[in-house]
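> Here is what each chain is made of, one letter per residue.
Number of protein chains: 4
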Amino acid sequence: MKKTPTAILLIHCPDQKGIVAVVTEFIYKNGGNVVNLEQHIDAEHKVFFMRVEFDLSSFAIPSEKISEYFQTLIGERYKMTFKLHFSDERPRMAIFVTKMSHCLYDLLYRWESGMWKADIPLVVSNHDTLKPLVEKFGIPFYHLPVTKENKAEQEQRQMELLEEHNVDFVVLARYMQILSEDFIKEYDQRCINIHHSFLPAFPGAKPYHSAHQRGVKVIGATSHYVTAELDAGPIIEQDVARAHHGNTVQDLVRMGQDLEKVVLSRAVHSHLERKILVYENKTVIFN
Amino acid sequence: MKKTPTAILLIHCPDQKGIVAVVTEFIYKNGGNVVNLEQHIDAEHKVFFMRVEFDLSSFAIPSEKISEYFQTLIGERYKMTFKLHFSDERPRMAIFVTKMSHCLYDLLYRWESGMWKADIPLVVSNHDTLKPLVEKFGIPFYHLPVTKENKAEQEQRQMELLEEHNVDFVVLARYMQILSEDFIKEYDQRCINIHHSFLPAFPGAKPYHSAHQRGVKVIGATSHYVTAELDAGPIIEQDVARAHHGNTVQDLVRMGQDLEKVVLSRAVHSHLERKILVYENKTVIFN
Amino acid sequence: MKKTPTAILLIHCPDQKGIVAVVTEFIYKNGGNVVNLEQHIDAEHKVFFMRVEFDLSSFAIPSEKISEYFQTLIGERYKMTFKLHFSDERPRMAIFVTKMSHCLYDLLYRWESGMWKADIPLVVSNHDTLKPLVEKFGIPFYHLPVTKENKAEQEQRQMELLEEHNVDFVVLARYMQILSEDFIKEYDQRCINIHHSFLPAFPGAKPYHSAHQRGVKVIGATSHYVTAELDAGPIIEQDVARAHHGNTVQDLVRMGQDLEKVVLSRAVHSHLERKILVYENKTVIFN
Amino acid sequence: MKKTPTAILLIHCPDQKGIVAVVTEFIYKNGGNVVNLEQHIDAEHKVFFMRVEFDLSSFAIPSEKISEYFQTLIGERYKMTFKLHFSDERPRMAIFVTKMSHCLYDLLYRWESGMWKADIPLVVSNHDTLKPLVEKFGIPFYHLPVTKENKAEQEQRQMELLEEHNVDFVVLARYMQILSEDFIKEYDQRCINIHHSFLPAFPGAKPYHSAHQRGVKVIGATSHYVTAELDAGPIIEQDVARAHHGNTVQDLVRMGQDLEKVVLSRAVHSHLERKILVYENKTVIFN
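Chains as they are written, first to last, in our numbering: chain A, 1 to 287; chain B, 1 to 287; chain C, 1 to 287; chain D, 1 to 287.
Simulated from the structure, these hints should not be mistaken for laboratory data.
It is possible that some hints are incorrect.
[What the hints assert, rightly or not] List time: in silico DSS-like cross-link candidates among lysine-lysine, alpha-carbon distance up to 25 Å:
1. B:K131 with C:K131
2. B:K46 with B:K275
3. D:K136 with A:K117
4. D:K117 with A:K131
5. C:K151 with C:K99
6. D:K65 with D:K46
7. D:K46 with B:K29
8. A:K117 with D:K46
9. C:K29 with A:K17
10. C:K206 with D:K65
11. B:K117 with C:K131
12. B:K79 with B:K151
13. C:K99 with B:K136
14. C:K151 with A:K46
15. D:K99 with A:K117
16. D:K136 with A:K99
17. C:K79 with A:K29
18. C:K29 with C:K17
19. B:K117 with C:K136
20. C:K275 with A:K17
21. C:K29 with B:K99
22. C:K29 with A:K79
23. C:K65 with B:K136
24. D:K275 with D:K79
25. B:K117 with C:K99
26. C:K17 with A:K29
27. C:K117 with B:K136
Here the structure is a predicted model, which means the values were calculated and not measured.
Bound-form chain A, shown alone (with noise of 0.2 Å):
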């Protein structure tokens, strides 16, 4: 489909006249041509926000100076805050987890299908249950099993994993373990986690615990990019699935399990595609 590499400029700053304006004549003077560009304002803080997506075939200045070229031009005199990404790097995503397998199924099938583009080059755990699976794939499976005494040890070492493996980003498929802040400040805005309820209702252990317990008639779950404070960062993706009176506790996991895998993997996607931008622990996510 798109075959030809585009370049994604994800802005957000304070609004002023003629942005749009003043992006979009960068882009059409340098010989770029926008294939997708989504914009709006936040009428109460006075944000702008951006999202454009141009076509690098005849463009004028090469992919690597593009950005100096643009804050120094547009960047600096709008006090932007900005990304660009490419179409056609490949991202590299590490995923942890811990015994259970339905969001790593999930997240294998769509790479292996080469629905993604991007690599996993290791999988961490702090079990080694899931070794095996991971192993018939090919992919290094690194187990780190963590106790509260070697709990700093083991992190320090899954960063050193992650640092070798020049991993971009980090999926928490299930991962059962609470990071620390410094992996979490290193890993801003590129760790991303499902949680098993419709958050911001039953944070924390065993939510379908707390559903079944509760009595609700719709069960959830929450993609999130990981925060200091536990279940409470910006919100990617939450989808709901209808449960009755007469599902047990382990049905609603076992129906939770359906909805974890799908809209983790809708969060997923979103990233790689490079259509979140995070504003004050909330995500804008373009079309």
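Got chain A; can you put chains B, C and D on it based on the hints?
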């Protein structure tokens, strides 16, 4: 469709063998035909739940005696809690509102179009905003303004009105006042509220503001029986709609109104069809 | 929220470089501020689509001249098809009904509650069933019974009425008559219908009967602009609800009504917000 | 959860009084405890439907004799069509695939994670694309390429393989071949297909292309038992997802895969749980 009148039995009791056989034999031996039966066991608490509806056209026991006979012959022996209803009853429903009309319109439409076998003898409000609308439909409207000072007194008046109008149950169609424990006790399992969030997320006031603040990707509505603890009663029905980053609080309010009215009306419909059984702050909603 | 008036441009044209830049520069140079912009390209057909909304508070060109200037300076050059709307317009909507009231109630509620910036100058029906309801709201009701013999004549009368009342668009709120090609041509992209199935499944009459017969597990509703081919116009909005084996045709009708009214109202809302662009029998619905 | 084995009876027959009583008395008198019962009547056709599950731990009749006794004592008298299953059976499921892996992954995950009490003795395909994946899981993979010339012969071979492996039912996990009437007859109500549209919309080939062409706002997936008429068998499960104007056919394919796999797996789950009864080309899906 269902022309001949039916009786509906809602039962729960400690589980033991033979209960379905005993109840259905009682119906069969007395000339009834089971039209619909749903039964299940809560395996954890060993509780038996059943809803059975049977045709009364050649039933030997007169309607007004069925409850007594059933209690004597079966209920007592199995320590049953049961309710008996008849499909040709026409329950009387009071509606409480404040200023917002969306749920009220929806209830009036269902009543006026004949969709529901129910009467609406009165509407009560702490404001007079909706008086003209209600009176268009020929329904008495009682304006009982509530202040800190007169709250107890006005609630007393409300209860008298409900008494006078032989009201069977109360629907709080976005009524923005907290009811007293006395009122709630009197209308236990007979007072249905709509809350504008997917509970237990965002209880209390201004849930759409909180949802916007948190950046959720789904908003919801919850209908529940009112209990002494605010927004914590047995949930009857819930549903959700997708939200996105561009939605303002006002958008959420507008989108949420479509949810609220449908969720509330589904809950009232289940109540009218005698499909709800409450057990330990949860509902069993039969099919 | 949006207090200052805005202009809304809906554009499609053959794709080429620089269009966004040229349009947004036109806005910027004349003192407008882009509030919201969405643009994309249909890569297959090389067609450019855009919706841009801009603040008019210090716009140099008077509102009544914008269209002419835009056409001269830009539209012509890029072979654009465009429409210009203003947020402070108050479109006039005629409603056509037959006997069923659920969609009508929903439209009336949105109008009366002030949710929608629109007027309802008249309701037209081939039956007088809903006359009392419409007149409660002080809206003129025209009863124009349609028979094979008088169909052409009555439609002529309808068109005169729409003319007399300066109607901008027509909503068929379960109007059970097929309109002539003349009428459809006159109200091209200005006549919104609700069909009670998820088209293209079950076009034509009695879709709930067909859905029941087929044993589907979801039922749906579809709102679309009316075109000469029955139930085949550009789809604006669709939604579905779960059905199950126990549902009778009457249950489906009842459940479907909740879908129909919400789907129709969402479609009308998108139309009122000028978020719809029709291209080759499909709609682009901007966010 | 459910530790003690249970028996499951699925019954339909002409309606008459006393059937529930007679069946549940049979269970009770022989020492069984009803765990779950759902019964309803099709009022239009006067047909009685029931699913009853009962605990076997102290049941007087040996499992292998229950069917015979039930037929003699009750089934014959009431002209019942019934099926008897046991919760400790472990059905054997063959999977047919072509080249796409999404449904296969989902089925393999549910099997390997122990979620389902089922065995997968073999996978059959007309291509060898998925051989490596299947063999990773230690499951025999049979590559039977199908041409116009060898179709009958290869299908013969397929049926022999199913026979040899004692297969109970077949899952067509995006198997892109039409089966012969002989095969379909042999696996009547035992062959589950997933079709990538919300049937009856878009039957046959390339439904996502058709959906894109028509501009629908929801896409769907349908799982059904295979019958002689293409895509017209009894529907087991359906679900939908929202689409929008910007989605390409490829987007719909990608989004649809998430639907297909979940819808197919829900259908297989209902089949495994013995919750499906087929009657006149429609399914009754008990809760």
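> Next step is simple, just say for each hint if it's right about the structure.
These are the hints, each one checked on the structure:
The suggested pairing of K131 of chain B with K131 of chain C holds, with an alpha-carbon distance near 21 Å, which does not exceed 25 Å. The suggested pairing of K46 of chain B with K275 of chain B holds, with an alpha-carbon distance near 21 Å, which does not exceed 25 Å. As the CA atoms of K136 of chain D and K117 of chain A are separated by approximately 23 Å, the hinted pair is consistent with the 25 Å bound. Only pairs whose Cα atoms come within 25 Å are accepted, and K117 of chain D paired with K131 of chain A is accepted, the gap being roughly 23 Å.
Simply put, K151 of chain C and K99 of chain C have alpha-carbon atoms about 18 Å apart, close enough for the 25 Å limit, and the pair holds. A threshold of 25 Å between alpha carbons decides the hint, and for K65 of chain D with K46 of chain D the separation of about 30 Å lies outside it, so the pair is violated. Restraint check: the Cα-Cα separation between K46 of chain D and K29 of chain B comes to about 21 Å, which is no more than 25 Å; the hinted pair holds. Using a Cα cut-off of 25 Å, the hinted pair K117 of chain A and K46 of chain D is violated, with the two alpha carbons roughly 57 Å apart.
Distance restraint check for K29 of chain C and K17 of chain A: the Cα-Cα separation of roughly 9 Å lies within the 25 Å cut-off, and the hinted pair is therefore satisfied. A distance of roughly 48 Å separates the Cα atoms of K206 of chain C and K65 of chain D; the hinted pair therefore is violated under the 25 Å criterion. The hinted pair formed by K117 of chain B and K131 of chain C meets the criterion: a straight-line CA distance of about 23 Å does not exceed 25 Å. At most 25 Å may separate the alpha-carbon atoms for a hinted pair to count; K79 of chain B and K151 of chain B exceed this at roughly 40 Å.
The straight-line distance between the Cα atoms of K99 of chain C and K136 of chain B is roughly 19 Å, inside the 25 Å bound, and the hint therefore holds. A distance of roughly 55 Å separates the Cα atoms of K151 of chain C and K46 of chain A; the hinted pair therefore is violated under the 25 Å criterion. For a cut-off of 25 Å, the pair hint linking K99 of chain D to K117 of chain A stands: about 20 Å separates their Cα positions. At roughly 19 Å between alpha-carbon atoms, K136 of chain D and K99 of chain A fall within 25 Å of each other, so this suggested pair holds.
Pair hint K79 of chain C plus K29 of chain A holds up; C-alpha atoms about 21 Å apart against a cutoff of 25 Å. At roughly 20 Å between alpha-carbon atoms, K29 of chain C and K17 of chain C fall within 25 Å of each other, so this suggested pair holds. The hinted pair formed by K117 of chain B and K136 of chain C meets the criterion: a straight-line CA distance of about 23 Å does not exceed 25 Å. A C-alpha spacing of about 23 Å is found between K275 of chain C and K17 of chain A, which places the hinted pair at or below 25 Å, so the restraint holds.
Straight-line distance between C-alpha atoms of K29 of chain C and K99 of chain B comes to about 46 Å, which puts the hinted pair past the 25 Å bound. For the suggested pair K29 of chain C and K79 of chain A, the alpha carbons sit about 21 Å apart, so the restraint of at most 25 Å is met. At most 25 Å may separate the alpha-carbon atoms for a hinted pair to count; K65 of chain C and K136 of chain B exceed this at roughly 45 Å. A hinted pair counts as satisfied when its Cα atoms are at most 25 Å apart, and K275 of chain D with K79 of chain D qualifies at roughly 21 Å.
As the CA atoms of K117 of chain B and K99 of chain C are separated by approximately 20 Å, the hinted pair is consistent with the 25 Å bound. Under the criterion of a C-alpha separation no larger than 25 Å, the hint pairing K17 of chain C with K29 of chain A is consistent with the structure, at around 9 Å. Of the pairs offered as hints, the one joining K117 of chain C and K136 of chain B holds, with about 23 Å between alpha carbons and a cut-off of 25 Å not exceeded.
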